[in-house]
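Chemist: Next come the chains, spelled out residue by residue.
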Amino acid sequence: MEIGITEQGGLSVVAISGEVDLSTSPKVRDALLGCISSNKGVIVDLSGVAYIDSSGVASLVEAFQTAKSKALGFALAQVSDTPMRVLKLARLDQVFVIHDTLDDAIAAMV
Amino acid sequence: MNDQLELLVEMGRHFAATRDIEVTMGRALERIAELVEAEGGALFVLEGDEPQERLVCHASYGPVDIKGLTVPADKGIVGRSVATDNSEMVRDAQNDPNFDTSMDAQSGFTTRSVLCAPLSVKGERIGAIEVVNKTGGDGLFADDDLTLLEALAASAALAISNARMAGELAEKEVMRRELELAAEIQRGLLPPPGGAGGEEDFPVCGVNRPARVVSGDFYDYFTLYDGRIAFTLADVSGKGMNAALLMAKTASLFRCLGKEDMRPGRLLQRINAEVCETALRGMFVTMVAGIYDPVSGRLVLANAGHEPPLLHSTDGRFKTLEATAPPVGIPPELTGGGPVPEVVLHLNGGALYIFTDGATEGYVASDEELGADGFMDMVRDGVSDGLSAQARIDAVANRLSRSGEALRDDITVLVIDDAKSLQNRLNRVDNTLKDETVRGPNMDQGANIPVDGSLCALTVPARASSLKLVRRAVGETSSACGFSQEQCQDLVLAVDEACQNVVRHAYAGTDEGDMVIDIRRESGAYVVLIRDHAPPVDVAKIVPRNLDDVRPGGLGVHFIREVMDEVEHLSPPDGQGNLLRMKKAI
Chain A
11 MEIGITEQGG LSVVAISGEV DLSTSPKVRD ALLGCISSNK GVIVDLSGVA
61 YIDSSGVASL VEAFQTAKSK ALGFALAQVS DTPMRVLKLA RLDQVFVIHD
111 TLDDAIAAMV
Chain B
79 MNDQLELLVE MGRHFAATRD IEVTMGRALE RIAELVEAEG GALFVLEGDE
129 PQERLVCHAS YGPVDIKGLT VPADKGIVGR SVATDNSEMV RDAQNDPNFD
179 TSMDAQSGFT TRSVLCAPLS VKGERIGAIE VVNKTGGDGL FADDDLTLLE
229 ALAASAALAI SNARMAGELA EKEVMRRELE LAAEIQRGLL PPPGGAGGEE
279 DFPVCGVNRP ARVVSGDFYD YFTLYDGRIA FTLADVSGKG MNAALLMAKT
329 ASLFRCLGKE DMRPGRLLQR INAEVCETAL RGMFVTMVAG IYDPVSGRLV
379 LANAGHEPPL LHSTDGRFKT LEATAPPVGI PPELTGGGPV PEVVLHLNGG
429 ALYIFTDGAT EGYVASDEEL GADGFMDMVR DGVSDGLSAQ ARIDAVANRL
479 SRSGEALRDD ITVLVIDDAK SLQNRLNRVD NTLKDETVRG PNMDQGANIP
529 VDGSLCALTV PARASSLKLV RRAVGETSSA CGFSQEQCQD LVLAVDEACQ
579 NVVRHAYAGT DEGDMVIDIR RESGAYVVLI RDHAPPVDVA KIVPRNLDDV
629 RPGGLGVHFI REVMDEVEHL SPPDGQGNLL RMKKAI
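Chains as they are written, first to last, in my numbering: chain A, 11 to 120; chain B, 79 to 664.
Treat the hints as calculated values from the structure; they're not laboratory data. Where is the CB? At the ideal position from N, CA and C, for every residue including glycine. Where hints are given, some of them may not hold.
Said to hold, decoys possible - Simulated restraints, written as ranges between beta carbons of each label pair:
hint	chain 1	residue 1	chain 2	residue 2	range
1	A	27	B	468	19 to 27 angstroms
2	A	27	B	643	29 to 37 angstroms
3	B	337	A	98	30 to 38 angstroms
4	A	27	B	275	23 to 31 angstroms
Unchecked claim - Not everything, but these chain B residues come out facing chain A in the computed CB check (under 8 angstroms):
hint	residue
5	423
6	542
7	634
Claimed, not checked - To be clear about the criterion: a stretch of chain B counts as covered by chain A if any three or more of its residues have a C-beta under 8 angstroms from a C-beta of chain A, and this derived list gives those stretches:
hint	segment
8	430-444
9	464-476
10	572-583
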């Protein structure tokens, strides 16, 4: 699992790739909460995620709630089939703000 | 002269037959009294140390029995005779102004004539023999009688001295045999090679060489119901019988308590509490306890004040593992109590050496200590020479056991060698992949789908890092069963979540224990059995969360129930741990 963080238009773009499971999700959580603590909106790019489990989803939920409490933007972008299936199973596809492309997400949040 | 020799021989024989020096002295006094024709006599033995020295009558002959009579060592004829190592004669007591007749007044016996000769051998004072009243003639002793008594007394003294020495030797022999028996019992406390089953490739073995007959060191190991091996090595301060007894107590506690709850840190805490309840006279025990799982190579270790064990990795490097708590025997109130902190290791084909300081501080042929470096060199050489673990540690003990010399200290070494177990693990993974996933499991030739039976069985440590392997096994087998790609992904997720629950909840994140995942095809269904050895989980508390309540966590159970057709918590066949059965129709 790899995490890449870039800045685009005053937002943090966190690109996650590989398998997010019990052993790797703490890193995802730390990365996301780290970005939020610097008071920037966060876009999570899930295009490279081959697998995500409940602990990975929990990290996304926690980050989403933390951002909301600070009135910061939080969106998912380019969600590939596998994580989308898991979000649907958890009925979270209607809770998260999800954009098809990064550009859409940035345009919506800036 | 003949009488003298005869007396010596007779006393020697008599003592050899009776083994009772008191009876022998009584016999001797009787013979002497007869030979000097005395009416009565007494044999006094010097007892106690100065200034409490006294003379006690051990044998009495004649009309008045004074056995047990005690007189001051410096008083009277007997006292003088012993003090000066010279014989005394009071030829005519009744007419001797120096003779104290008060005793006669008490006993009603009339003392007419007295002879007294010291009993001594080469300056060692034993006591004196006194005889009274010659039976023949005028009833008075003469110089000849005194000379005869002196000669006989010399023989008697020699016989008594010999008997005493023989008695001491016999006592020592009894002690030596008792000690041998104790040593035999102690050797019986050590575990049999190969464990209870005497397995040839058993991964744990030890060596113990006592410096004296008994030892203050010990090691032990035994296999638990789930295949893990509990082990310990300990060193009791001191080397004598007291150390051996404390060793026996500690060893018994390890066996008893270890079978109840084999968590090394807690076990050492409990042993400490038990040991501290008895008075220890400042003795203590440095002790290592641990548990090793041959299935995963995982080892949990707790060290109470013991010499740091050495981990020898397959890359040839050594790592020392320092003690994490004070020794057993230090009262918990002094140290704050609590379980001894544990260290978790993964041997990965390496070996863990636990030893007492006798193994590193022992002398080699060049009169130098072997030292930790020397020990490591021998281990390294042993491995590169292809020696078995037992042969490697025997070589260390042999090198320190110099012929004809007592050891400086007990030598004890225990080794947990993961090499064979690693090979078994690799073979198992190979077979699993070869038989079950790559070629496909038990294919029905016509339909090209698996027939009923086990598709894949895995035993993995209950850790987050094991989940990847589990997912792969589920992915391959579900795909082989003909599920769609999305269904396969769902099954992977569901089984992953179920295993996560074992790791996070059943074992409560302790990183301890294994789980067994058995994937089966049963009458048109894909069935996954997950088995653990953790304390039983309260099934009533496992509920999926309300999805309207958006919060992190609690989604796993929901995923499992969403994906699977059936989810059941079963009782494991042997009543240990938990068993989850999940089913999805193919």
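Chemist: Against the structure, test the hints numbered earlier, and report the numbers of the ones violated in rising order.
Modeler: 1, 3, 4, 5, 8, 9
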